[in-house]
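Here the protein sequences come in this chain order: Y and P. FYI, in the working numbering the residues of the first sequence are 1 to 160. FYI, in the working numbering the residues of the second sequence are 1001 to 1098.
Hints listed in this document are in silico derivations from the structure and should not be mistaken for laboratory results. Every residue, glycine too, gets a C-beta built ideally from N, C-alpha and C. Worth double-checking, as some hints may not be accurate.
[To be verified] Subject to a maximum C-alpha distance of 25 angstroms in a straight line, what follows is the list of computed DSS-like cross-link-like pairs (lysine-lysine): (1) P:Lys1083 with Y:Lys25; (2) Y:Lys25 with P:Lys1025; (3) P:Lys1025 with P:Lys1092; (4) P:Lys1025 with P:Lys1083; (5) P:Lys1092 with Y:Lys25.
[Unchecked claim] For each label pair, taking beta carbons as the anchor points, the in silico distance ranges come out as: (6) P:Ile1075 with Y:Ile152: 17 to 23 angstroms; (7) P:Ser1084 with Y:Phe8: 21 to 27 angstroms; (8) P:Lys1025 with Y:Ala149: 24 to 30 angstroms; (9) P:Leu1077 with Y:Asn85: 19 to 25 angstroms.
[Unchecked claim] According to the in silico footprint, chain P covers these stretches of chain Y (three or more CB under 8 angstroms from chain P): (10) 6 to 15; (11) 33 to 43; (12) 46 to 55.
Listed below, chain by chain, are the residues.
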Amino acid sequence: MFNLIISFLIGVIDIFLIIAMFNSKEMIHGALFLAAVFFINAIAFLILNQQLLAVIQLMIMVGGVATYIFVSVAPVKKPSFNGTNMPALALLSILIFITIAYPLIQKGYISNSTVNYSFDVTSMLNYVTFNISIFYVIVIMLFTSALGAIIIMKMPGLLE
Amino acid sequence: MIILYMIIVGFAILAMGISGIATSKNFLVIMFSIELIIIAASLIGLTLYSSYGGDIILLLISIWSIASVELVAAIALYRYLVKSGNGLDVSKLSKYKG
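One chain only, chain Y, in its complex shape:
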C-alpha cells in the first residue's frame, strides 16, 4: 500500500510538472520544469530497482536540459511567447491517453505480471551502492555548474 502511495505521488507530481512546463511563459522556467520531470522519472527508475539506469537518465538530463537552457537563455531577443493552446492540449492529451491505455488495460495484458516489487523508503538507500553514488554526485555537480554558468551569463555587465 505504501509503495502504491509513493508511485501515485510520483505520477501526480510528474503530470503537474509537465502542465507547469507547458504553461510557463519564460522558456528557462520550462526547461527547469523539464529537468524536474527527468529527476522524478529517475526516482521512478529507482522504484523499479534500476539504479544504474536512473543515473544514466540523470546524465542525459544534464546534457539535454542544460543545452536547452543555454539555447533559451542565449538569444538577445528573449523568446517570451508560449504559443501553446492549453485547452486543445488538455483535450488532445485525454483523447490520446484513452485511445492508448484503454485497450491494453481492458484486455489484461499488463496486470498479468508476477513480479513483486519489495520497495520501501528505508531500503531505497541500500540500492544506491557506493559506485553508483559517485555518479550521482557527478551528475549533481555538472547540473549545478551548468546553472551557475547561466547565472553568470545573466549577470549584467559581467561578460561585456
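Following the hints, put chain P in place on chain Y, whose structure we already have.
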C-alpha cells in the same frame, strides 16, 4: 499494481508529449514535447521489460541515442530559425515553403 500504475503514468506522459507537438507554436516547447515522448518511452520500456524479464539496456541505449541525435538536430534547427529572423515561432516557417 505498481507496474500497471507506472505504465499508466508513461501513457499519460506520452499523450501529453504528442499533444504538445500538435498544439504548440514555440520551437523550444515542441522540442520539450519530444523529450517528454522519449521519457515516456524509456519509462514504459523499463517497466515492461523489468516485469516480464529480459535485457532492457540495449533498448534504452537506442532510445537515448535517438535523444542525443534529436538534440543535435534541435541545435541546427535553432540556428536556422534564429538566422532567418523569425524567432522561435514555427508557424512563420511556412513562408519558406518551396
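Consistency of the hints with the structure:
no.	hint	result
1	P:Lys1083 with Y:Lys25	holds, 23 angstroms
2	Y:Lys25 with P:Lys1025	holds, 13 angstroms
3	P:Lys1025 with P:Lys1092	holds, 9 angstroms
4	P:Lys1025 with P:Lys1083	holds, 18 angstroms
5	P:Lys1092 with Y:Lys25	holds, 20 angstroms
6	P:Ile1075 with Y:Ile152: 17 to 23 angstroms	holds, 21 angstroms
7	P:Ser1084 with Y:Phe8: 21 to 27 angstroms	violated, 46 angstroms
8	P:Lys1025 with Y:Ala149: 24 to 30 angstroms	holds, 29 angstroms
9	P:Leu1077 with Y:Asn85: 19 to 25 angstroms	holds, 22 angstroms
10	6 to 15	holds (count 6)
11	33 to 43	holds (count 4)
12	46 to 55	holds (count 5)
In this structure, the one hint that does not hold is number 7.
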